[in-house]
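Residue numbers (this note's numbering), protein chains in the order written: chain Z, 14 to 220; chain B, 14 to 220.
Don't read these hints as lab results, they were simulated from the structure.
Treat the hints with care, since some could be wrong.
Any copy, or any two copies together, can satisfy a pair, since identical chains are not distinguished.
Below, computed lysine-lysine pairings styled on BS3-like, alpha-carbon distance capped at 25 Å [unchecked claim]:
#1 K214 - K139
#2 K214 - K60
#3 K184 - K117
#4 K117 - K60
#5 K122 - K184
#6 K59 - K207
#7 K122 - K60
#8 K122 - K59
#9 K214 - K184
For reference, the chains in residue letters:
Number of protein chains: 2
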Amino acid sequence: MPSTRDRILDACLRLFNDSGPFAVTTAEIARTVGINEGNLYYYFRKKEDILFALFERFQDALNVVANAPHETGGGSDPGLAYLERWFRLMWEWRFFYRDGAAIKRMAPKLRARNVKLADRGQADIKRMLLQMVEQGLLAASEEEVDRLVVNAWIISSYWLDYLDSRHNIGKVTPEHLDWGFSQVLSLFLPYTTKAGQAQEKRRRQHV
Amino acid sequence: MPSTRDRILDACLRLFNDSGPFAVTTAEIARTVGINEGNLYYYFRKKEDILFALFERFQDALNVVANAPHETGGGSDPGLAYLERWFRLMWEWRFFYRDGAAIKRMAPKLRARNVKLADRGQADIKRMLLQMVEQGLLAASEEEVDRLVVNAWIISSYWLDYLDSRHNIGKVTPEHLDWGFSQVLSLFLPYTTKAGQAQEKRRRQHV
DNA sequence: GTCTATAATGAGATAGAC
DNA sequence: GTCTATCTCATTATAGAC
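Go ahead and model the full structure; you've got the sequences and the hints to work with.
Quick look at the structure:
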């Protein structure tokens, strides 16, 4: 049995992903965990503190993804494998993205950490893209790469919310995940060289 | 002096754009308008109703943009002119985009209308792009056009929130508007033909 | 560490006088 | 149409027994 603290955080992640952190009351959290509301406040003196703790976890998970870029199965394309892992992670923590505006207002302290996180993520992606340019897989100027990084970041961050508001898809399946992934991929496609396209084709057949 | 009802809606648009519809209380609204809270409830019996009324206005404004696609100044490029007007409109009603997730939960009735709006908007954009393909300004398959439409829609809808959460830019200036606009434009750039690029150049010099 | 109570707040909303 | 007064209620949060 995990610790009560962990059970609280697990429950909150689920609840927040489903309904957003503001529609979820402390009473609901306690009920879900199966503890009393007073006990909840023993672990987290403010509701805000739960958000901080969850963000810590999120960061840790991101670090794992970022620091293990070479564990790809086929090994043929670390860039795409990285993107896929990163994508899945964002889905697991989707409430941070979906309710970003409201969270920012409630817990302004998270802002700075979030910026740091994006700084690093975008730097990672940019480095990866420039490397692909060097390898002759992509053909793009640095300015184009910068635009690409930002667009990829935005699509990745918001496609879940888009899917929900546009097509009433609240519960996302692996197929949807694929769709979003392709949507991001399509940003890079016009910049791929013949060599890059061949490699991508090999990857797809591999899956 | 506009009617009290209009003054309420004007004030709410401002307040909501600044702080989001949930951080803004009915007390604050009444104070801003300079009326009593009780009076506010004479016009809108539920806070939700204010959102509905604002959405009506938003739709009307969109209709104006959509139905007047030929009023472009230089007349050389209706597509881009349309995009610019549409972009500015989204900025004026940015809280609908930024706080979409939370609004959806509070006023589920808005969902359906929102979907309709997106249906129409995306159909408009697609038609416009296909027309540009026919005119030889763009080179893209229909599948590519579909991907483009969705990506353009997502970037347009969320770049403001991105700017805020990524760079702490809450107050957007015309320069930022330009930045976002270019970001969307960069999606189409790799698909432009030589003829299309020449036309775009003429447009830029015209401004 | 966990529970029972209960406080403290602050929001949305209403009734009825003017 | 506008205001005063008041209500209801959900929610966060605390104190103290077990």
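Checked hints:
Proximity of K214 to K139 under the C-alpha cut-off of 25 Å is restricted to the intra-copy arrangement: shortest distance 23 Å within a copy versus 28 Å between copies. Proximity of K214 to K60 under the C-alpha cut-off of 25 Å is found in neither arrangement, the shortest distances being 48 Å within a copy and 53 Å between copies. In this homomeric assembly, K184 and K117 come within 25 Å of each other (Cα to Cα) both inside a single copy, at 24 Å, and across copies, at 15 Å. Within a single copy, K117 and K60 get their C-alpha atoms as close as 14 Å, and across copies as close as 23 Å, so both meet the 25 Å cut-off.
Proximity of K122 and K184 under a CA criterion of 25 Å is satisfied inter-copy only: 19 Å between copies versus 30 Å inside one chain copy. Taking CA atoms no more than 25 Å apart as the test, K59 paired with K207 passes in neither setting, with 55 Å inside one copy and 59 Å between copies. When the C-alpha separation of K122 and K60 is checked against a cutoff of 25 Å, the pair qualifies only within one copy, where the shortest distance is 14 Å, while the shortest distance between copies is 29 Å. For the identical chains of this complex, K122 and K59 are intra-copy neighbours only, at 14 Å inside a copy versus 32 Å across copies, given an alpha-carbon limit of 25 Å.
Proximity of K214 and K184 under a CA criterion of 25 Å is satisfied in neither setting, with 30 Å inside one chain copy and 44 Å between copies.
In summary, the structure is inconsistent with hints 2, 6 and 9 from the numbered list given earlier, while agreeing with the others.
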